[in-house]
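Following the hints, complete the assembly by docking chain B onto the known chain A.
Quick mapping for you: the protein sequence lines, in order, are chains A and B.
Take 20 as the starting number for the first sequence in the working numbering and just add one per residue.
Take 20 as the starting number for the second sequence in the working numbering and just add one per residue.
I should point out that these hints are in silico values taken from the structure, not numbers from a laboratory.
Please note that a few of the clues may not be correct.
Mimicking DMTMM-like on lysine to aspartate or glutamate, the simulated pairs with C-alpha atoms at most 20 Å apart in a straight line are [said to hold, decoys possible]:
| # | chain 1 | residue 1 | chain 2 | residue 2 |
| --- | --- | --- | --- | --- |
| 1 | A | K404 | A | D62 |
| 2 | B | K91 | A | E168 |
| 3 | A | K91 | B | D215 |
| 4 | A | K91 | B | D72 |
| 5 | B | K91 | A | E399 |
| 6 | B | K336 | B | E405 |
| 7 | A | K344 | A | D354 |
| 8 | B | K91 | A | E70 |
| 9 | A | K340 | A | E411 |
| 10 | B | K385 | B | E77 |
| 11 | B | K404 | B | D72 |
| 12 | B | K404 | B | E317 |
| 13 | B | K344 | B | E177 |
| 14 | A | K404 | A | E389 |
| 15 | A | K91 | B | E177 |
| 16 | B | K91 | A | E77 |
| 17 | A | K91 | B | E70 |
| 18 | A | K364 | A | D72 |
| 19 | A | K344 | A | D372 |
| 20 | A | K336 | A | D253 |
| 21 | B | K340 | B | E177 |
| 22 | B | K344 | B | D215 |
Which chain A residues stay away from chain B? Per the calculated CB distances, all over 12 Å, these [what the hints assert, rightly or not]:
| # | residue |
| --- | --- |
| 23 | K91 |
| 24 | Q105 |
| 25 | V117 |
| 26 | N179 |
| 27 | L316 |
| 28 | R324 |
| 29 | P332 |
| 30 | K344 |
All C-beta atoms in this analysis are idealised placements derived from N, C-alpha and C, irrespective of residue type, glycine included.
Single-letter residue listing:
2 protein chains.
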Amino acid sequence: MLEKYHAPRLAAGLAASRTHDIAPFHVMELLARAQALEAAGRDIVHMEVGEPDFPTPEPIIRAGQAALAAGKTFYTPSLGLPELRQAIADFYRARYGVAVPATRIVVTAGASGALTLALACLAEPQSRWLLADPGYPCNRHFVRAFEGEAVGIPVGAENNFQITPAHVARYWDERTYGLITASPANPTGALLPAADIAALADAVRTRNGHFLVDEIYHGLSYETDCPTALAAGDDIWVVNSFSKYFQMTGWRLGWLVVPEPYLRAVEKLAQNLFIAASTPAQHAALAAFWPETIAILETRRAILRERRDYLAPALEKLGFKLAAKPQGAFYLWCDCGALTDDSFKFATQLLEDIGVAITPGLDFGKHQPERHVRFAYSTELDRLKEAVRRMEGYFR
Amino acid sequence: MLEKYHAPRLAAGLAASRTHDIAPFHVMELLARAQALEAAGRDIVHMEVGEPDFPTPEPIIRAGQAALAAGKTFYTPSLGLPELRQAIADFYRARYGVAVPATRIVVTAGASGALTLALACLAEPQSRWLLADPGYPCNRHFVRAFEGEAVGIPVGAENNFQITPAHVARYWDERTYGLITASPANPTGALLPAADIAALADAVRTRNGHFLVDEIYHGLSYETDCPTALAAGDDIWVVNSFSKYFQMTGWRLGWLVVPEPYLRAVEKLAQNLFIAASTPAQHAALAAFWPETIAILETRRAILRERRDYLAPALEKLGFKLAAKPQGAFYLWCDCGALTDDSFKFATQLLEDIGVAITPGLDFGKHQPERHVRFAYSTELDRLKEAVRRMEGYFR
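One chain only, chain A, in its complex shape (with noise of 0.2 Å):
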């Protein structure tokens, strides 16, 4: 194995070899050649973005500036704000009716510190990890970062784009340590049910295996309220996020949910790989709880609630299939298998030729990407429309 990894740097000064296996976004080209056409003078309509358009709220925003004001400029506990750690466990008492001590409770850079800890935590060299594909690349990418195997497993309409107690008796062999899962998904805006939760739960408990749940687009569901994978036991690891919900993607806030065993682990590795998660944006956090906030919070998803519902009929006038059902996060995951065979193609041309740029399957997995591209609505119903009505003139 040394051999192996030795020669190649000597040779031509490489980087280490996880890097080849992590794949860039793709999107990131197309939002680049995107941006290049805006220069160009060219009108596009974005549709291929994983971010809220709303800015963060108002209430957030000032007790950010309060808390500068304040001189709030120093570290925190590695942990985080004691306070902040309390209010996300009131947050899950109050809107879940769950019950998770604050102790249990890790603030993080983001969402990516949190798959950050988890995984540093968790992930052996080898150890294979069962995620969902399609999925969020990134999950994948930070179980190489630490030198597990991501192992996806093809999923479709037939269970909702979710990994199924099946599912895992089939992929799961004596080098599997975990399973990662989303709820609602990225990029299918699948949800999964409490009793489909509890019962991954038991699957992987039953073979001594971690259960890691992604609940980042926690809040943003149009039919039912996410149920959280926290009240189907203890042994389970949430990482939950202020980026989407509560509107933070800039400040870079998230969180982890630790079953105990873990904590003293996860807190030496996050004294020393982060110090701590920044220090305004926890404060300004506190205020993402107060009922003033979330009642901005809730206009807003009857927002996105409404793009949808214009969105996805449109759509499928236009010849897309919905292939997910969409039932929360901002997307719509489309299979486009009536108008190409290459959704890399497909994405290109449509960006180039009547500026509405989307993401082509390839950016989420090696599951049928050429027949699939994600529309995300965050952005205006009017923008929505004037896509729509390109996308109809380009394909009559």
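Frame of chain A; chain B shown alone:
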């Protein structure tokens, strides 16, 4: 290898092997005890903390508030805000006379984020990395996090606690990938002169290795300016931070200067592991380079110098020996062998008996920790004098 890793998890649900090799900050326990004593009404002089006691300068605070008011709360590009990368490049030219293209500068969540990117990009499993013992403990833990092996080189007063080309020759073997050094160093405050940096760079280059220099205490030196390793070749990796000289610890902002051939790999890692650094922090940091800010920082540097000039001889009078030349950072690395043969017990006693909190050698490595302690002069002169008065009485 697999069996070795796999068995313990199945037996006990344990955290990954790497977590057993990552030490906690012992000073944190000391700090917790100090805070408990304070809560019980005791007066504690804090000389244990590796954080400047100055709040972030006012112009940076105002720039952060203005960014928030302007809705700068969305993601920036993964490599950082282009204007901040340019401002850092301009700073290298203005302060050091060194030309570093902005394209090589990657903005990160503190030096921690920079070390993550560098080691994720370079460290293969089982690769060996040379670093100084004593040294900043996180550096060896970043190596371990990515499955490399940190090799502590015992350094002492004979080389001002810095690694030399002779050390490199002695410790380098076929598994060695690189050298990580720091100037000014923590816990010693020792500086590397430009000629020594160049000699180390040559020693590493000859061996086809990577040279990574931690410059996070740059700007905080009291005899001479700190030369940057970037002047010694464009194949050198440099880590820096807005935390120490710019006094933005809690904002979590730093940067990594990347040799050009590795930029693409680093960008992929940044996209996947971080998405981006804090947006409000990046906008605020633009004000870090303004002349009015630099004027504040230079006043504060003079204050730190005054503290050092008081504390160093006062400690010598008490029986401590200055182990390293106190040239930079805000630390005095002291040989306490004339006062105790157990620095950990000694530090505990100073805290419990006279309310003086310092850091025992244990946190910085395995080379004679029992006869060394670190004093941080990141507290006001009056408080340093109070600590010295208490120790005078205690040692009498």
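Verification of the supplied hints:
{"no.": "1", "hint": "K404(A) x D62(A)", "verdict": "holds, 14 Å"}
{"no.": "2", "hint": "K91(B) x E168(A)", "verdict": "violated, 37 Å"}
{"no.": "3", "hint": "K91(A) x D215(B)", "verdict": "violated, 39 Å"}
{"no.": "4", "hint": "K91(A) x D72(B)", "verdict": "holds, 12 Å"}
{"no.": "5", "hint": "K91(B) x E399(A)", "verdict": "holds, 19 Å"}
{"no.": "6", "hint": "K336(B) x E405(B)", "verdict": "holds, 15 Å"}
{"no.": "7", "hint": "K344(A) x D354(A)", "verdict": "holds, 12 Å"}
{"no.": "8", "hint": "K91(B) x E70(A)", "verdict": "holds, 14 Å"}
{"no.": "9", "hint": "K340(A) x E411(A)", "verdict": "holds, 15 Å"}
{"no.": "10", "hint": "K385(B) x E77(B)", "verdict": "violated, 41 Å"}
{"no.": "11", "hint": "K404(B) x D72(B)", "verdict": "holds, 16 Å"}
{"no.": "12", "hint": "K404(B) x E317(B)", "verdict": "violated, 23 Å"}
{"no.": "13", "hint": "K344(B) x E177(B)", "verdict": "holds, 11 Å"}
{"no.": "14", "hint": "K404(A) x E389(A)", "verdict": "violated, 25 Å"}
{"no.": "15", "hint": "K91(A) x E177(B)", "verdict": "violated, 42 Å"}
{"no.": "16", "hint": "K91(B) x E77(A)", "verdict": "holds, 12 Å"}
{"no.": "17", "hint": "K91(A) x E70(B)", "verdict": "holds, 14 Å"}
{"no.": "18", "hint": "K364(A) x D72(A)", "verdict": "violated, 26 Å"}
{"no.": "19", "hint": "K344(A) x D372(A)", "verdict": "violated, 29 Å"}
{"no.": "20", "hint": "K336(A) x D253(A)", "verdict": "violated, 45 Å"}
{"no.": "21", "hint": "K340(B) x E177(B)", "verdict": "holds, 14 Å"}
{"no.": "22", "hint": "K344(B) x D215(B)", "verdict": "holds, 16 Å"}
{"no.": "23", "hint": "K91", "verdict": "violated, 7 Å"}
{"no.": "24", "hint": "Q105", "verdict": "holds, 18 Å"}
{"no.": "25", "hint": "V117", "verdict": "holds, 22 Å"}
{"no.": "26", "hint": "N179", "verdict": "holds, 26 Å"}
{"no.": "27", "hint": "L316", "verdict": "holds, 14 Å"}
{"no.": "28", "hint": "R324", "verdict": "holds, 22 Å"}
{"no.": "29", "hint": "P332", "verdict": "holds, 29 Å"}
{"no.": "30", "hint": "K344", "verdict": "holds, 27 Å"}
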